[in-house]
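Residue numbers (the working numbering), protein chains in the order written: chain A, 172 to 367; chain H, 612 to 1179.
Check each hint, because a few of them may be wrong.
Unchecked claim - Lysine-lysine pairs mimicking DSS-like chemistry, simulated, CA-CA at most 25 Å apart:
| id | chain 1 | residue 1 | chain 2 | residue 2 |
| --- | --- | --- | --- | --- |
| 1 | A | Lys332 | H | Lys723 |
| 2 | H | Lys1009 | A | Lys332 |
| 3 | H | Lys882 | H | Lys799 |
To be verified - Here are some of the chain A residues that sit facing chain H, going by a computed Cβ distance under 8 Å:
| id | residue |
| --- | --- |
| 4 | Tyr211 |
| 5 | Ala213 |
| 6 | Leu216 |
| 7 | Asp218 |
| 8 | Ala222 |
| 9 | Arg312 |
Read the hints as simulated data drawn from the structure, not as lab findings. Cβ atoms here follow ideal geometry from the backbone N, Cα and C, with glycine treated the same way.
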Amino acid sequence: MSALRSAAAAAGAAGAAAGPLPADDPRVALLTTQLKKVRYRADALIDVLHAVQDIYGYLSPEVLTTVADALQLPPSRVLGVATFYHLFTFEARGDHTCTVCTGTACFVKGADALMAGVSEAFGVAQGATREDGSLSLLEARCIGSCGLAPVALVDGTIVAKAKPDAVIAAIRNAMEASVSAEGAVREAAAGEGGAA
Amino acid sequence: MSGGVDLFDLAQKEREEQATYRRTVLCCGSTACLSGGAQATQDAIRDAVAEKGLEQDVRLVATGCMGLCSRGPLVKVRTRGEDDVLYADVDADAGRRIAEQHLTAGQPVEDKALSLEHPFFARQVRVVLENMGEIDPNRIEDYIAHGGYRALRDAVNTMTPAGVIDVVQRSGLRGRGGGGYPAGSKWKLLNEAKSDQKTIIANGDEGDPGAYMDRTVMEDDPHRVLEGMAIAAYATGAVKGYIYVRAEYPVAVRRLEQAIRQAKRHKLLGKNLFDTDFSFDVEIRIGAGAFVCGEETALMASIMGQRGTPVLRPPYPTERGLWGQPSMINNVETLANVPTIMRRGADWFASIGTDSSRGTKVFALAGKLDNTGLIEVPMGITLREIIEEIGGGVAGGKAFKAAQTGGPSGGCIPLKHIDTPMDYDSLLALGSIMGSGGLIVMDEDVAMPEVARFFMRFCMDESCGKCLPCRAGTYEMHELLDALVTGRGTAATLARLETLCEVVRTNSLCGLGQTAPNPVLSTLHYFRPEYEALLVPDGAHLAGLPGAHAAAAADRASASANTSERSA
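Next comes chain A alone, as it looks inside the complex:
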């Protein structure tokens, strides 16, 4: 498995050494369910990788090793397929994501300005995640909503006929909503603690 480990690290994957997945992690059970669903067929590799990314948020060397073992594929093959397709990512995404569509219709209607506006407002480069892990700024090559161009997705919700200000506001809203939700959880936890 060391071949996969070094190759994965070279491909920009998380630097941590690939060890066995902790058995008590509930995500392992989810992955096992998925593997059973495709009956451990090697040709379902791409489906499995999608499932892994849904479960973990990104593809880590540890999980890729597990997948290779489970499907009885050489680790190089698993990494080769994973790195070929653009939708797979090897780094954890930020708490929030903003995806600016850069398809042709959006390009013609000013996707560049959207991207630049968000990038400047939040100090995050295109394709990167903010240092505090709060936001990832991504691009998508056409999400098929060309009639509404230009569009951006903030945490998966479409901002149609988008202006930079509207997208920036949507991101701020999403960030504030999660901050206040966290605050509520903390308060609830504090309340429970007080009662105990």
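Let chain A serve as the given structure and place chain H on it in line with the hints.
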């Protein structure tokens, strides 16, 4: 009980059930309208209908795309014995007014109504999109009540495979994915292949940025795709079908999965269909973001769980395809034409369109127009008719500059050719292609060298890296275009670009590389002065521009890191 009888009963029951309502409110529930607030509109109408006690009188249906996406959410009210009334820009408030005035008192809400005589609708001919905005894509009953699966039943019960192929051949249907290969001929090739493990593949890997025809068909009329596939399977002897869907289309995946479950339950997919020997099953495969997977051999590699790199043809998939067995790949829109062709006949279909391009084409009309959305028009309609009549002209009173078809493999059509008929051969003659149906209108503000750079960056990112001409060629062409656009290009830069276009076009392994130079060649052909205006004298780009030059070098370094990561 035979599947055929079941089907007939089901359709009859559904129609009777629907006929008990005096009014039907069709609310567009497609992705575009939903992002414009269609769910709130629907909820408002449903609440108001309940409030007024009209549940027995009014049927509410969340349908697929009604087409005019830029004016959504769209709502259509159909009353027994009256003309349909279409409403545009219906927010929750307008929805409530429609319920209170139109549904309750029979008074249409004039200020929100949009005439169905509007050229956007009146100029369209609907074959593939005939059910759009009419049926609930979540219910197989609705599809069957609108004549669905009848073509499959009749083909299996009353026709020979050769007879079905004959109809498709005589209809003149050509592949809607871009190439325009005659569908019937392809079917015949697979029919003649010897194997009991033949497969057919519906290509829903709509990678062209600016196109969403296939997405809409898969999301909003999924059974049409399944029926088309099953008819193709019967005609060719295929036992298994795959639908390859882009991962960017999660709704399409969900709707297709649901449709497959429903079809199996009604014995329209599975073993011994209609009590015959004909068995056929369909499975969905999801892509993961790779434009090259639209290419046949790359697509098959991806279905088999591998990197989507193309291989040389021949052998063609109909000789050696999935897992070495004969396979056939049809575009989703091609297959979606089939049920209607079988139901209405080859002659009817062939009477639409032009001699060489029969039938209709669905376009995703986008860009700088007043009316953007999804349209289906007869082949041979002129670009001017599409832009000025259906599209309502260029937005904001600006001048038309060019229309782009065929995405990164296509080209631009300038003003002087605006009266060109839209068919496969006329577009090819202009240096563009029909492509899958993206039609993007550009006004005077759009700089064509930047458009060329945009598409070249796309091709550079999407090149699979297998063959050198495409891998290095698209990178170099992007560099040269970037130099031109950022004022670093000389006459030599332009000359080198033109040479490379030819090298990449003639030497690349697959269609991606072979067609990657098209946007450059076509914009150069029609808008050469724009390129020439960007040229700087030899050496001038180095003098006095150290900052820009350093920035460009850094840009190149990061782009190359990017490329090597993807092709690793």
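Verification of the supplied hints:
1. As the CA atoms of Lys332(A) and Lys723(H) are separated by approximately 21 Å, the hinted pair is consistent with the 25 Å bound.
2. Of the supplied pair hints, the one linking Lys1009(H) and Lys332(A) holds, its CA atoms being roughly 19 Å apart against a limit of 25 Å.
3. Between Lys882(H) and Lys799(H) the CA atoms are separated by roughly 23 Å; this keeps the pair inside 25 Å, and the hint holds.
4. Nearest Cβ of chain H to the Cβ of Tyr211(A): about 12 Å, over the 8 Å cut. The hint is violated.
5. Proximity of Ala213(A) to chain H holds as hinted, the smallest CB-CB distance being about 6 Å (cut-off 8 Å).
6. Residue-level restraint check for Leu216(A) holds (minimum Cβ-Cβ distance to chain H is 4 Å; threshold 8 Å).
7. At a threshold of 8 Å, the smallest CB-CB gap from Asp218(A) to chain H is about 6 Å, leaving the interface hint in force.
8. For Ala222(A), the interface hint is violated, since its Cβ never comes within 8 Å of a Cβ in chain H; the closest pair sits about 10 Å apart.
9. The restraint placing Arg312(A) at the interface with chain H holds, with a minimum CB-CB distance near 5 Å, inside the 8 Å limit.
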